[in-house]
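**Student:** Sequential numbering of the sequence shown, starting at 183, is according to my numbering.
Hints in this document: simulated from the structure, not taken from any laboratory. Each hint should be verified, as a subset may be incorrect.
The calculated label-pair distances, taken between Cβ atoms and stated as ranges, are [what the hints assert, rightly or not]:
hint : residue 1 : residue 2 : range
1    : Glu205    : Gly230    : 26 to 32 angstroms
2    : Val209    : Arg253    : 15 to 21 angstroms
3    : Asp236    : Val199    : 14 to 20 angstroms
Think of the CB as a built atom: it goes at the ideal place given N, C-alpha and C, for glycine as much as any other residue.
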Amino acid sequence: MPSRSTSDGDGHRSGEVLVLGNEFARVVVTHDTSANGSRLMIRSARTGRTVYLDPLQVESLTWLADEDYARLLSDPFGPAEDSG
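Just need the whole structure built from these sequences, with the hints factored in.
**Tutor:** Listed below in C-alpha cells is the structure:
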C-alpha cells in the first residue's frame with residue numbers, strides 16, 4: 183500500500199499508513215485530517231470495517247482496565263455482521 187502524506191499545518195503528517203498485525207488481527211491505521219481536526223482511521227484487514235477516532239476517543243483507551251478489554255474481546259470473531 184503506497185504511503186501518500188501531506189502536512190496538516192501543525193507539522194503532523196496526514197495520510198501516513200501504519201500496518202499492525204499479529205496472529206490474531208491485522209489493522210491499517212492512517213492519520214486522517216479530512217474532517218474537522220485530526221483523527222485516526224483504523225481499518226480491519228480481515229473484516230474491512232473502519233472506525234474513525236478523534237484524540238479524546240484514543241485517549242479514552244488508556245482509561246480502560248484489562249477487564250474492559252476482556253469484555254470487548256469476549257467474541258474472538260468480532261461483532262456480528264450487519265444483516266440490514
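**Student:** Against each hint, give a clear statement of whether it holds in the structure.
**Tutor:** Quick rundown of the hints versus the structure:
1. Glu205 x Gly230: 26 to 32 angstroms: Violated: the Cβ-Cβ distance is about 20 angstroms, outside 26 to 32 angstroms.
2. Val209 x Arg253: 15 to 21 angstroms: With Cβ atoms ~20 angstroms apart, the hint holds.
3. Asp236 x Val199: 14 to 20 angstroms: Check passed, 19 angstroms falls within 14 to 20 angstroms.
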